[in-house]
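Protein chains in written order, with this note's numbering: chain A, 2 to 364; chain B, 8 to 257.
No lab work stands behind these hints, which were simulated from the structure alone.
Just so it is clear, CB atoms sit at the ideal spot from N, CA and C, and this is done for glycine as well.
Hints may contain errors.
Here are a few chain A residues that face chain B, going by a calculated C-beta distance under 10 Å [claimed, not checked]:
no. : residue
1   : His13
2   : Trp22
3   : Phe24
4   : Thr25
5   : Leu27
6   : Arg29
7   : Asp177
8   : Thr179
9   : Val297
10  : Gln312
11  : Tyr315
12  : Ala326
13  : Arg332
14  : Val339
15  : Ile344
16  : Ile347
Okay, derived cross-link-like pairs now, EDC-like style, lysine to aspartate or glutamate, Cα gap no bigger than 20 Å in a straight line [what the hints assert, rightly or not]:
no. : chain 1 : residue 1 : chain 2 : residue 2
17  : B       : Lys65     : A       : Asp310
18  : B       : Lys90     : A       : Glu147
19  : B       : Lys65     : A       : Glu311
20  : B       : Lys65     : A       : Glu337
Chain by chain, the residues run as shown.
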Amino acid sequence: MSSLQSNVLENHTPTGREEAWRFTPLKRLGGMHDGSATAVERNSLAVKGTLPTGVTFSHQEIEAVTQTDDVIVNRVRQFTTKGAVLSIAPNAEIAEPIMLNRSSFGTDSAEFSRVLIKAGSHSKSVVVIENTGDTHLAEDLEIVVEPGAHLTLIALQEWGSKTIHAARHHAIVDRDATFKSIVVTVGGDVVRLLPTVDFIAPGASCDLSGVYFATAGQFFEHRMFVDHKVPNAKSRVNYKGALAGDKAHTVWIGDVFIRAAAEGTDTYELNRNLLLSDGARADSVPNLEIETGEIVGAGHASTTGRFDDEQLFYLMSRGINMDDARRLVVRGFFNEIVSEIGIEEIQERIMARIDGELAKAGK
Amino acid sequence: MSTLEIRGLKVSVETEQGAVEILKGVDLTIKSGETHAIMGPNGSGKSTLAYSIAGHPKYTITEGTVTLDGEDVLEMSVDERAKAGLFLAMQYPVEVPGVSVSNFLRTAATALRGEAPKLREWVGEVKSAMESLKMDPSFAQRNVNEGFSGGEKKRHEIMQLELLKPKFAILDETDSGLDVDALRIVSEGVVRAKEANNHGILLITHYTRILKYIKPDFVHVFANGRIVEEGGPELADKLEAQGYAEYVTA
Chain A
2 MSSLQSNVLE NHTPTGREEA WRFTPLKRLG GMHDGSATAV ERNSLAVKGT LPTGVTFSHQ
62 EIEAVTQTDD VIVNRVRQFT TKGAVLSIAP NAEIAEPIML NRSSFGTDSA EFSRVLIKAG
122 SHSKSVVVIE NTGDTHLAED LEIVVEPGAH LTLIALQEWG SKTIHAARHH AIVDRDATFK
182 SIVVTVGGDV VRLLPTVDFI APGASCDLSG VYFATAGQFF EHRMFVDHKV PNAKSRVNYK
242 GALAGDKAHT VWIGDVFIRA AAEGTDTYEL NRNLLLSDGA RADSVPNLEI ETGEIVGAGH
302 ASTTGRFDDE QLFYLMSRGI NMDDARRLVV RGFFNEIVSE IGIEEIQERI MARIDGELAK
362 AGK
Chain B
8 MSTLEIRGLK VSVETEQGAV EILKGVDLTI KSGETHAIMG PNGSGKSTLA YSIAGHPKYT
68 ITEGTVTLDG EDVLEMSVDE RAKAGLFLAM QYPVEVPGVS VSNFLRTAAT ALRGEAPKLR
128 EWVGEVKSAM ESLKMDPSFA QRNVNEGFSG GEKKRHEIMQ LELLKPKFAI LDETDSGLDV
188 DALRIVSEGV VRAKEANNHG ILLITHYTRI LKYIKPDFVH VFANGRIVEE GGPELADKLE
248 AQGYAEYVTA
């Protein structure tokens, strides 16, 4: 049907030859992909603070909302029928962000975890998931955004240096609903996230944003797929990454599929990478497949560049030293997306972490 | 009293055809409170002089010296030159996405003054500089030079001149791209800053119209990488009447 082969995630132990796995260092996945990991059910996802009225959270039997070919997600589903369910009641407008976090349990075994986030029709909410510490985590996260709902999901990967994290964040977005996702990946050894969106009724929209900063030896992969199969849906993708240090490696794949029925589609995706030193590698692959010409717009852009000498010269000519000038430029680069988080304390914490990554990278 | 002294300055740039010499021996001395206009045709090397003094990495100094009160400027990094008291108002200031004017100015003032300016006084300083240059207060929240009109960029440069209080200001074609009103506002800013700080000015321009507002004490005609004629303000009047033809063909 589609020649967009990069989205066919083979349902067998990947060898690395598959399009979906060709960038991923399989040997560093802690056996989560081939069944050799010691899987455990930890239910580490928990509410931080108190839940506002109109929101419930429980660990319970869970049913998958969608099928997937992703081998890690299928192993998670075979392992357990239980998971965490976060529900936002229909029509609820939740002013404060709903805070969830994961505590870490070390790296001897791997947590296999299922999560369902359900935004009731016409509800409005912001959900934050804070991921910190060292762990191995295989995560099947499904998101249902009911008609007219607005959901913002902020997923923060502030992991320690030993973490291996493989996750699929799959959102099903219904009529006139809006799903906004902000992914921040600034820690971990290997992080592989699949933010995917399925529009199931007209008027749906999504905005997938992300930032990542990989330093020496880190591998961060973000692989989107937006499936436009209904008319008049809108998608925006904007990911920005920085890399510094030997063998820092990031992968960004942006797959957008506009099916024949998806007239009136409006889509644009953008990935920008800042290479801060030699020896780092940024792969950036936008894929757009279009089966109908009756669309509003479809485009993509991908850039990978180094520090702009003219920017550094301008700042330094005002007395700002090289380190501070670089810090300003990097903060400025990420600011467009980090400022979208809208929670001052988290924005400052992420920027401080980015400063730290930059300082660690040296010159 | 400070002195900026340029002696026998030769500068080249790397091109695909190898190094090309642009400045072919420039001598110039500027003292505090003096305004020197450097006038010349396009491509004569005026901007190269400005950027070489500021330390742009594109230019290689092959011979000569630049000193500020006896200190070797050419040995200094770009930020050290600014700390020593040099300021370059650029012809084409670059955009710095995601960095607000307010954050940029405060970071620069902190670097140059050696400590963060006291918040209340600083807010007042910025406000008054912006008001006198007829800039909207929302300007401070915009990203540095991003989406600025030509006039806004020049106002922003001169606002920095007023706030950063250098010993010597090099104004590289500050008049280019300005309409009559903007030229007057920007020029008044330059004059106001000079009255407040008594810095020396090296004013680089192609046209004489800015000299109606910023009166030069000395005029230097620049052609083919060197100063070819020097005089007082009357030299500008001669250029206004006759143009650069005589120097270009010479």
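Each hint tested on the structure:
1. Checking His13 of chain A against chain B by beta carbon gives a least distance of about 44 Å; that is not within 10 Å, so the hint is violated.
2. At about 34 Å, the closest approach between the beta carbon of Trp22 of chain A and any beta carbon in chain B exceeds 10 Å, and the interface hint on this residue is violated.
3. Interface restraint check for Phe24 of chain A: the shortest CB-CB distance to chain B comes to about 28 Å, outside 10 Å, so the restraint is violated.
4. Hint status for Thr25 of chain A: violated, given a least beta-carbon distance of 31 Å to chain B, over 10 Å.
5. Hint on Leu27 of chain A is violated. Least Cβ distance to chain B is approximately 36 Å, over the 10 Å limit.
6. Of the supplied interface hints, the one on Arg29 of chain A is violated, with its beta-carbon coming no nearer than about 32 Å to a beta-carbon of chain B, more than 10 Å.
7. A cut of 10 Å between beta carbons decides the hint on Asp177 of chain A: the least distance to chain B is about 32 Å, and the hint is violated.
8. Nearest Cβ of chain B to the Cβ of Thr179 of chain A: about 25 Å, over the 10 Å cut. The hint is violated.
9. A least Cβ separation of about 25 Å between Val297 of chain A and chain B goes past the 10 Å threshold, and the interface hint is therefore violated.
10. At a threshold of 10 Å, the smallest CB-CB gap from Gln312 of chain A to chain B is about 5 Å, leaving the interface hint in force.
11. A cut of 10 Å between beta carbons decides the hint on Tyr315 of chain A: the least distance to chain B is about 5 Å, and the hint holds.
12. The beta carbon of Ala326 of chain A comes within 8 Å of a beta carbon in chain B, closer than 10 Å, and the hint placing it at the interface holds.
13. Because the closest C-beta pair between Arg332 of chain A and chain B is about 7 Å apart, less than 10 Å, the hint holds.
14. With a cut of 10 Å, the hint placing Val339 of chain A at the interface with chain B holds, because the nearest CB-to-CB distance is about 9 Å.
15. A cut of 10 Å between beta carbons decides the hint on Ile344 of chain A: the least distance to chain B is about 18 Å, and the hint is violated.
16. Using the Cβ-Cβ criterion of 10 Å, the hint placing Ile347 of chain A at the interface with chain B is not satisfied: the shortest such distance is roughly 17 Å.
17. Proposed proximity of Lys65 of chain B and Asp310 of chain A is supported: the alpha carbons are some 10 Å apart, at most 20 Å.
18. The suggested pairing of Lys90 of chain B with Glu147 of chain A is violated, with an alpha-carbon distance near 58 Å, which exceeds 20 Å.
19. A distance of roughly 10 Å separates the Cα atoms of Lys65 of chain B and Glu311 of chain A; the hinted pair therefore holds under the 20 Å criterion.
20. Between Lys65 of chain B and Glu337 of chain A, the direct Cα distance comes to roughly 30 Å. Violation of the 20 Å bound is thereby established for this hinted pair.
In this structure, the hints that do not hold are numbers 1, 2, 3, 4, 5, 6, 7, 8, 9, 15, 16, 18, 20, in rising order.
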